[in-house]
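Sequence order for the protein chains is A and B. Just so it is clear: in the first sequence, position 364 is 364 by my numbering, and no numbers are missing. Just so it is clear: in the second sequence, position 346 is 346 by my numbering, and no numbers are missing.
Source of the hints: derived by calculation from the structure; they are not laboratory data. Watch out, some of these pointers could steer you wrong.
[Said to hold, decoys possible] To give an idea of the interface, some chain A residues facing chain B are shown, with a C-beta separation under 10 Å as derived from the structure:
| no. | residue |
| --- | --- |
| 1 | 91 |
| 2 | 92 |
| 3 | 147 |
| 4 | 187 |
| 5 | 191 |
| 6 | 202 |
| 7 | 282 |
| 8 | 288 |
| 9 | 292 |
| 10 | 423 |
| 11 | 425 |
[Claimed, not checked] Between beta-carbon pairs, the in silico distance windows are:
| no. | chain 1 | residue 1 | chain 2 | residue 2 | range |
| --- | --- | --- | --- | --- | --- |
| 12 | B | 395 | A | 122 | 44 to 50 Å |
| 13 | A | 124 | B | 430 | 27 to 33 Å |
| 14 | A | 137 | B | 92 | 52 to 58 Å |
| 15 | B | 95 | A | 337 | 39 to 45 Å |
| 16 | A | 299 | B | 423 | 53 to 59 Å |
| 17 | B | 295 | A | 304 | 36 to 42 Å |
| 18 | B | 406 | A | 58 | 27 to 33 Å |
| 19 | B | 430 | A | 37 | 36 to 42 Å |
| 20 | B | 406 | A | 37 | 44 to 50 Å |
Positions of the beta carbon are idealized from the N, C-alpha and C atoms, including for glycine.
Residues per chain are reported as follows:
Number of protein chains: 2
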Amino acid sequence: MPSLPAALETELAELLGEGWRSDAAILAAHGGDGSRHRAAPLGVATPADRAQVGALVRACRRHRVPLVARGGGTSSTGAALAGGAVAVSFARMDRILDIRTDDRIAIVEPGVRNGALQHALAAHGLFWPPDPASADDCTVGGNLACNAGGPRTVKYGASRDNVLGLAAVTGTGDIVTVGGATTKDATGYDLTHLIVGSEGTLALIVEATLKLAPLPEARASLRALYDDAAAAAAAVARIMAQPAAPSMLEFMDAACIRLAREVGGAEIAEAGALLLIEADGDAATLPHALDALERAARGAGLRAIERAADDAAGARLWAARKALSHAQRAIAPAKLNEDVVVPVSRIPALVDGIQALAREFDLPIIAFGHAGNGNLHANILYDPADAGQDARAHAALPRLFALALSLGGTLSGEHGIGTAKRGFMRDAFDAPTLAAMRAVKAALDPDGILNPGKVLPEA
Amino acid sequence: MPSLPAALETELAELLGEGWRSDAAILAAHGGDGSRHRAAPLGVATPADRAQVGALVRACRRHRVPLVARGGGTSSTGAALAGGAVAVSFARMDRILDIRTDDRIAIVEPGVRNGALQHALAAHGLFWPPDPASADDCTVGGNLACNAGGPRTVKYGASRDNVLGLAAVTGTGDIVTVGGATTKDATGYDLTHLIVGSEGTLALIVEATLKLAPLPEARASLRALYDDAAAAAAAVARIMAQPAAPSMLEFMDAACIRLAREVGGAEIAEAGALLLIEADGDAATLPHALDALERAARGAGLRAIERAADDAAGARLWAARKALSHAQRAIAPAKLNEDVVVPVSRIPALVDGIQALAREFDLPIIAFGHAGNGNLHANILYDPADAGQDARAHAALPRLFALALSLGGTLSGEHGIGTAKRGFMRDAFDAPTLAAMRAVKAALDPDGILNPGKVLPEA
Numbered sequence: 001m002p003s004l005p006a007a008l009e010t011e012l013a014e015l016l017g018e019g020w021r022s023d024a025a026i027l028a029a030h031g032g033d034g035s036r037h038r039a040a041p042l043g044v045a046t047p048a049d050r051a052q053v054g055a056l057v058r059a060c061r062r063h064r065v066p067l068v069a070r071g072g073g074t075s076s077t078g079a080a081l082a083g084g085a086v087a088v089s090f091a092r093m094d095r096i097l098d099i100r101t102d103d104r105i106a107i108v109e110p111g112v113r114n115g116a117l118q119h120a121l122a123a124h125g126l127f128w129p130p131d132p133a134s135a136d137d138c139t140v141g142g143n144l145a146c147n148a149g150g151p152r153t154v155k156y157g158a159s160r161d162n163v164l165g166l167a168a169v170t171g172t173g174d175i176v177t178v179g180g181a182t183t184k185d186a187t188g189y190d191l192t193h194l195i196v197g198s199e200g201t202l203a204l205i206v207e208a209t210l211k212l213a214p215l216p217e218a219r220a221s222l223r224a225l226y227d228d229a230a231a232a233a234a235a236v237a238r239i240m241a242q243p244a245a246p247s248m249l250e251f252m253d254a255a256c257i258r259l260a261r262e263v264g265g266a267e268i269a270e271a272g273a274l275l276l277i278e279a280d281g282d283a284a285t286l287p288h289a290l291d292a293l294e295r296a297a298r299g300a301g302l303r304a305i306e307r308a309a310d311d312a313a314g315a316r317l318w319a320a321r322k323a324l325s326h327a328q329r330a331i332a333p334a335k336l337n338e339d340v341v342v343p344v345s346r347i348p349a350l351v352d353g354i355q356a357l358a359r360e361f362d363l364p365i366i367a368f369g370h371a372g373n374g375n376l377h378a379n380i381l382y383d384p385a386d387a388g389q390d391a392r393a394h395a396a397l398p399r400l401f402a403l404a405l406s407l408g409g410t411l412s413g414e415h416g417i418g419t420a421k422r423g424f425m426r427d428a429f430d431a432p433t434l435a436a437m438r439a440v441k442a443a444l445d446p447d448g449i450l451n452p453g454k455v456l457p458e459a
Numbered sequence: 001m002p003s004l005p006a007a008l009e010t011e012l013a014e015l016l017g018e019g020w021r022s023d024a025a026i027l028a029a030h031g032g033d034g035s036r037h038r039a040a041p042l043g044v045a046t047p048a049d050r051a052q053v054g055a056l057v058r059a060c061r062r063h064r065v066p067l068v069a070r071g072g073g074t075s076s077t078g079a080a081l082a083g084g085a086v087a088v089s090f091a092r093m094d095r096i097l098d099i100r101t102d103d104r105i106a107i108v109e110p111g112v113r114n115g116a117l118q119h120a121l122a123a124h125g126l127f128w129p130p131d132p133a134s135a136d137d138c139t140v141g142g143n144l145a146c147n148a149g150g151p152r153t154v155k156y157g158a159s160r161d162n163v164l165g166l167a168a169v170t171g172t173g174d175i176v177t178v179g180g181a182t183t184k185d186a187t188g189y190d191l192t193h194l195i196v197g198s199e200g201t202l203a204l205i206v207e208a209t210l211k212l213a214p215l216p217e218a219r220a221s222l223r224a225l226y227d228d229a230a231a232a233a234a235a236v237a238r239i240m241a242q243p244a245a246p247s248m249l250e251f252m253d254a255a256c257i258r259l260a261r262e263v264g265g266a267e268i269a270e271a272g273a274l275l276l277i278e279a280d281g282d283a284a285t286l287p288h289a290l291d292a293l294e295r296a297a298r299g300a301g302l303r304a305i306e307r308a309a310d311d312a313a314g315a316r317l318w319a320a321r322k323a324l325s326h327a328q329r330a331i332a333p334a335k336l337n338e339d340v341v342v343p344v345s346r347i348p349a350l351v352d353g354i355q356a357l358a359r360e361f362d363l364p365i366i367a368f369g370h371a372g373n374g375n376l377h378a379n380i381l382y383d384p385a386d387a388g389q390d391a392r393a394h395a396a397l398p399r400l401f402a403l404a405l406s407l408g409g410t411l412s413g414e415h416g417i418g419t420a421k422r423g424f425m426r427d428a429f430d431a432p433t434l435a436a437m438r439a440v441k442a443a444l445d446p447d448g449i450l451n452p453g454k455v456l457p458e459a
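The whole structure should be built from the sequences, with the hints applied where relevant.
Here it is in structure tokens:
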């Protein structure tokens, strides 16, 4: 177990004052993340500004002590685990620095919570599109570091698509400032979008200029039931091929529907697949958009389609999706929750392959999620206390990733890699591509002190 | 003047067969670009496939001879000038490899012309959003290399926003393969968007997976005249703050309107500023979208607003913009055509500043372009045969860039840097940021053989 050099501890205490702690209580509070793995950091730095972040990185670099950025600690991949490293909490850098409605941008510090930002923006009739399920707890810095998405990505894009500029501290302790308050830019290298999704391994984000969208006046929903996943996927392709972009387009496979019905108590007919389709817009155009979406949703294999004109009726349509979370917990104490992504046309093959894995490994696996992006959550449900189930669940995992890759997809659409999927990166990328990624890592973090052991596999 | 090592010439002739030429005719044909500067390459390689590109780069690397990728040769910044280097033409790698309508993607070789691709896609009811004025001549590879945009960027994004994956040959001759046929990706470093806009200095694109959009059924336009640029910019902010995104939102300043009226013969009233606003969509929603845009366009300082319900009427509204090109040529034989970008709220300050420069340097400068993105074309009109005008035009240029930067904007929204704006990169980025860009360059092109002397200033 590495320990913190005494000289560095003295330096950091002097630099950060009350922003430096290494007592057992703070180490325990920063020892886990949404992956449910635990690893205590060597200490917790809570810098107050970017200059402190720069000085912190330079000090750690001199001692070759790694740093791991931490937002809300909600990552499901272990990206925020800081064992053997200094955890850098952005809890004190949580201000919204500016909201410029005319430019549709917000300038924020990384520690602001996604939900708190949305609340502040709503007062201006604006929102920031990334909407992960953890919005109340996760931070904008974490969203950017992991390229977080959510259901609205299908219309509005993920975190990477909604950031215009960054200030970030690289592994040399230097502050790079790229992009800005403009929505079009052909000036120099796009380090902004490179740093986004690099999970704190290339630089620590200390400020972000976010691209905002107008908050829609209203939303309306459709729920369509299909004979099978192939019929639903064909509808997804039709929906995405017409100009009225849905604001959400969620899929549930037969296993999800059965679980939601039989365990979750959802009032829904049996079906081979389900689509939840949401449109947003203003009062004048929304009915037309919903018409267009309904026309596209109709086709071979459709069993039933229901329409909700307002939020309350919409909530009833979405009840089956909500029932799913409870139902999963009722039948299995744990799940391996993966977020593979495939081309939309390969959704049926993905769903079939997942059910074949469920049979082979004798465990329930359900598939649901963001169909418009081909980004399905495959949850392998199991009891970790049952050694057989535990072994089978973990044996099914590499096969799931192999399946997604064989269909022209990839490992993660919105959760990221962290430590959880790091071992599969060699399957997702060939050796020259991984070598290029490693070279970029070495360029921005020459001593490898930023979140080592994450994202890229060992050379 | 460097010359080609005989051993390399032999190697390349053997490798490429008829794809290698160094006669005077081919050197002359590849000696210029849209910048109107000229510099003959050492030879012209026209590889037939990615393996040849890899071998070509490795051979040149062994001899430390630089390579400059070339698409349609339409760059206005000198990015494709290959003096002292081997020009790499993608004229033989111009196939559309696949159009997958269900996944809304096209897989193309870099040499396909933008216009040819659009033609092929239209048959499937799809289009690729980047729409530079040079669409018939420029290539997709060139569009990606320079992050080309166009008027539709305001709704659909520029080249970087419409590419999902790349295969590209780095400066080591290795082929990296990143991204793919999925619209959501949180797997590893985003080299795709880093390579886009790097103007062939990081890697040569040999294949691209493009994100397509559904071709709208119909378009309709508005033309609004305002008292001044401030009133027009306020309307731009209102338009962009409501959910009905315009498919184009073009601005003309008072100098443009005067030129279009008095020299171009456009039938248009005098005004301080003009907006051309286009919506696209289906027949049912388009009138509503146009209503919403008209409501947003109305406000203090509006003089008149006209509406065109179909393409023919639309063409009449856009006639003033078209008249501008002819009118410019009529009053001045040359122009310095820049494409600075500022936050939307700073458009009035940019326009005022440009007119102050026009007075100070005693030359006509007109400002027009993509207002929704704050991306204005500032054309300095002058006669290069007049030594005084020539000197004043080139003296005004750094002041224009300084103005855009002082307003929180940047050097280029869609043309890129090339050699033309390379000298101003130190004004746009601080030293640590340029150092980080140089480190990334060295990571992917360790011997500096890819398009040297472009984009980044000397260290």
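For each hint, the structure was consulted:
no. : hint                         : verdict
1   : 91                           : 24 Å, violated
2   : 92                           : 23 Å, violated
3   : 147                          : 4 Å, holds
4   : 187                          : 5 Å, holds
5   : 191                          : 6 Å, holds
6   : 202                          : 7 Å, holds
7   : 282                          : 6 Å, holds
8   : 288                          : 4 Å, holds
9   : 292                          : 7 Å, holds
10  : 423                          : 13 Å, violated
11  : 425                          : 6 Å, holds
12  : B:395 with A:122: 44 to 50 Å : 48 Å, holds
13  : A:124 with B:430: 27 to 33 Å : 31 Å, holds
14  : A:137 with B:92: 52 to 58 Å  : 54 Å, holds
15  : B:95 with A:337: 39 to 45 Å  : 41 Å, holds
16  : A:299 with B:423: 53 to 59 Å : 58 Å, holds
17  : B:295 with A:304: 36 to 42 Å : 38 Å, holds
18  : B:406 with A:58: 27 to 33 Å  : 31 Å, holds
19  : B:430 with A:37: 36 to 42 Å  : 39 Å, holds
20  : B:406 with A:37: 44 to 50 Å  : 49 Å, holds
Hint compliance for this structure: hints 1, 2, 10 are not met, and every other hint is.
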